[in-house]
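Protein chains in written order, with the numbering used here: chain R, 135 to 425; chain P, 14 to 355.
There's no promise every hint is true.
[Stated by the list, open to error] Listed below are the simulated BS3-like cross-link pairs for lysine-lysine, each with C-alpha atoms no more than 25 Å apart in a straight line:
#1 Lys210/P / Lys301/P
#2 Lys273/P / Lys229/R
#3 Lys301/P / Lys214/P
#4 Lys22/P / Lys229/R
#5 Lys20/P / Lys229/R
If you're looking for bench data, these hints aren't it; they were derived computationally from the structure.
Model, not experiment: these values are computed from the prediction.
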Amino acid sequence: MTRNDPIKHFFIWPALIIVLMISIFPLVYSLTTSFMSMRLVPPTPARFVGFGNYLDLLQNPRFWHVAGTTTLIAFISVGLQYVIGLSVALALNSKVPGEGIFRVSFLLPMLVAPVAVALIARQVLNPTMGPLNELMTAIGFPNLPFLTQTSWALGSIIAVEVWQWTPFVILMLLAGLQTLPDDVYEAAALENATPWQQFRDITFPMLLPISVAVVFIRLIESYKIIDTVFVMTGGGPGISTETLTLFAYQEGFKKFNLGYTSALSFLFLIVITVIGLVYLAILKPYLEKHK
Amino acid sequence: MSVRTLKGKRRWLALGGCLVWLAITFFPLYWVLITSFKTPIAVVGGPTYLPFVDFEPSLTAWSELLSGQRGQFFSTFWASTIIGLSASVAATFIGAMAAYALVRFTFRFRLLSALIFVVIAFGGFLLGRHVLGYGQGISLVYAFVAALALAVISSRFRLPGPELGNNDIVFWFVSQRMFPPIVAAFALYLMYTEMGKLGFKLVDSYVGLTFAYIAFSLPIVIWLMRDFFEALPVEVEEAAMVDNVPSWRIFFGIVLPMSKPGLIATFMITLAFVWNEFLFALFLTNSKWQTLPILVAGQNSQRGDEWWAISAAALVAIIPMMVMAGLLSRLMRSGLLLGAIK
Numbered sequence: 135m136t137r138n139d140p141i142k143h144f145f146i147w148p149a150l151i152i153v154l155m156i157s158i159f160p161l162v163y164s165l166t167t168s169f170m171s172m173r174l175v176p177p178t179p180a181r182f183v184g185f186g187n188y189l190d191l192l193q194n195p196r197f198w199h200v201a202g203t204t205t206l207i208a209f210i211s212v213g214l215q216y217v218i219g220l221s222v223a224l225a226l227n228s229k230v231p232g233e234g235i236f237r238v239s240f241l242l243p244m245l246v247a248p249v250a251v252a253l254i255a256r257q258v259l260n261p262t263m264g265p266l267n268e269l270m271t272a273i274g275f276p277n278l279p280f281l282t283q284t285s286w287a288l289g290s291i292i293a294v295e296v297w298q299w300t301p302f303v304i305l306m307l308l309a310g311l312q313t314l315p316d317d318v319y320e321a322a323a324l325e326n327a328t329p330w331q332q333f334r335d336i337t338f339p340m341l342l343p344i345s346v347a348v349v350f351i352r353l354i355e356s357y358k359i360i361d362t363v364f365v366m367t368g369g370g371p372g373i374s375t376e377t378l379t380l381f382a383y384q385e386g387f388k389k390f391n392l393g394y395t396s397a398l399s400f401l402f403l404i405v406i407t408v409i410g411l412v413y414l415a416i417l418k419p420y421l422e423k424h425k
Numbered sequence: 014m015s016v017r018t019l020k021g022k023r024r025w026l027a028l029g030g031c032l033v034w035l036a037i038t039f040f041p042l043y044w045v046l047i048t049s050f051k052t053p054i055a056v057v058g059g060p061t062y063l064p065f066v067d068f069e070p071s072l073t074a075w076s077e078l079l080s081g082q083r084g085q086f087f088s089t090f091w092a093s094t095i096i097g098l099s100a101s102v103a104a105t106f107i108g109a110m111a112a113y114a115l116v117r118f119t120f121r122f123r124l125l126s127a128l129i130f131v132v133i134a135f136g137g138f139l140l141g142r143h144v145l146g147y148g149q150g151i152s153l154v155y156a157f158v159a160a161l162a163l164a165v166i167s168s169r170f171r172l173p174g175p176e177l178g179n180n181d182i183v184f185w186f187v188s189q190r191m192f193p194p195i196v197a198a199f200a201l202y203l204m205y206t207e208m209g210k211l212g213f214k215l216v217d218s219y220v221g222l223t224f225a226y227i228a229f230s231l232p233i234v235i236w237l238m239r240d241f242f243e244a245l246p247v248e249v250e251e252a253a254m255v256d257n258v259p260s261w262r263i264f265f266g267i268v269l270p271m272s273k274p275g276l277i278a279t280f281m282i283t284l285a286f287v288w289n290e291f292l293f294a295l296f297l298t299n300s301k302w303q304t305l306p307i308l309v310a311g312q313n314s315q316r317g318d319e320w321w322a323i324s325a326a327a328l329v330a331i332i333p334m335m336v337m338a339g340l341l342s343r344l345m346r347s348g349l350l351l352g353a354i355k
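Here chain R stands alone, though its shape is the one from the complex (with noise of 0.2 Å):
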């Protein structure tokens, strides 16, 4: 139920201003220099080339490589995100013993920076002072290549992800499951539904819009992977563990091809919006059913 009331002005126009403002010249300055061929170092002057630079990218065997590490990566840690996420979610909520203790701990990894995640990462990983290699050293498997050879630098790259943003799947479920009406479960309990049954029938659908909203949000977010990237593999060995945003910062902060980059972020984000159209018109009938 909506009203209508001229207020609705007065709260709704400060937010709208401001990311106006902050998002039409990136937007406008980029779309133009994307049809532009554009370099700073060496200077060259700006020449139009139409979709000249999105040819480009769409012929570049890198560009399709790196757009199908960030899909790998963004989908199996986002997944096991959700999963790790909605059980902790629900061991919280049915105040399993120290509730307290661990609702504040398990946030912790979300509010520590990208940054430092990698740093901490790369210590425990390192191959010889790390602990995880010693570790595995005592159960049989000396001297694995956690950063240097792609399947393992892939591994590590999404543990470190699934480590530092389960929290946040956690914070938003856990607040969902507490919005939930305890009389639907108390009609459940008399009718002697098994707590499987009870979650597979209620809490589950019911969940389900925020579910939806916290892996789109994650989703979103994972394609932009950049600082974890950066630090712990710096992309490598060789381009393997690449990422979009790692592509573009490369082509525009190391060689400053401007035109280059601005047509990659513009592929990038039709790549992103994809994605999300598609995801919610999987989900859209699931919803519908249960509203």
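The hints should help you fit chain P onto chain R, whose structure is shown.
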């Protein structure tokens, strides 16, 4: 005793799972804590775990950090605190207002008005910059004001074309977060320098960085708060409306107190985002308003990996957030919401 409370074996299973996750959460933090008290030799010699048992703790890293040998530590800390708190308070407040408006009021406008805004903003900028030869800053200001004015005026008329509503506004807000931050940061730097030429100092200033952080936090605040407001029972508000309570008093007196857990969660997320943000801080500051993540990252590059120094600097950035998590989770205790409904 709620019906949802676990019983018997399930309870212990859940506890076991939570303890495992607790160990995973804490181990890296513990590791960075002990590393910050190790001497360089103790770090290089291989992993050691317990202070006084298998290594002698030392305060070298901390005294170096606090005495300012490794960058302007105190001013950086204050800059981070001031910017973080003010940006997240402002973003939560402004975003909550907008989210409430989008949940409870009807917004209708024609697609054509939005298109007018985009076309005038783009066209005006290109015209001013490349045809009339103004500077980037001036053409930007003119184009923005003209575009906004024309869009608002045009929405008064009954334009043809499809009509947009609340969901489209929300989608627009959220889509702002999809834009790759690296390009936004670079373009914002150029915009701020242009504004500096016009006499508004925004690069390495409090206003510039805070403003950018508010803008980049708003989409997420609106998206999250909208879910919380939608979950609130509308009956309380309806009762107040029957009594002719004005909308702004309903919002400040009833809705905000009722959504306290949501507001606190949103504030925490915003503060964590602003406190840890790296890219914008890197581009938009250089000395006076530099923030902690820049200082932490700076420890990495000087003389190879000096883990003891990196750990101490990282901890300084982490500890305030830990304290805040403790304070806020007390406020977040369940029951606040239930109390408001009863």
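Each hint tested on the structure:
no., hint, result
1, Lys210/P / Lys301/P, "19 Å, holds"
2, Lys273/P / Lys229/R, "21 Å, holds"
3, Lys301/P / Lys214/P, "13 Å, holds"
4, Lys22/P / Lys229/R, "14 Å, holds"
5, Lys20/P / Lys229/R, "10 Å, holds"
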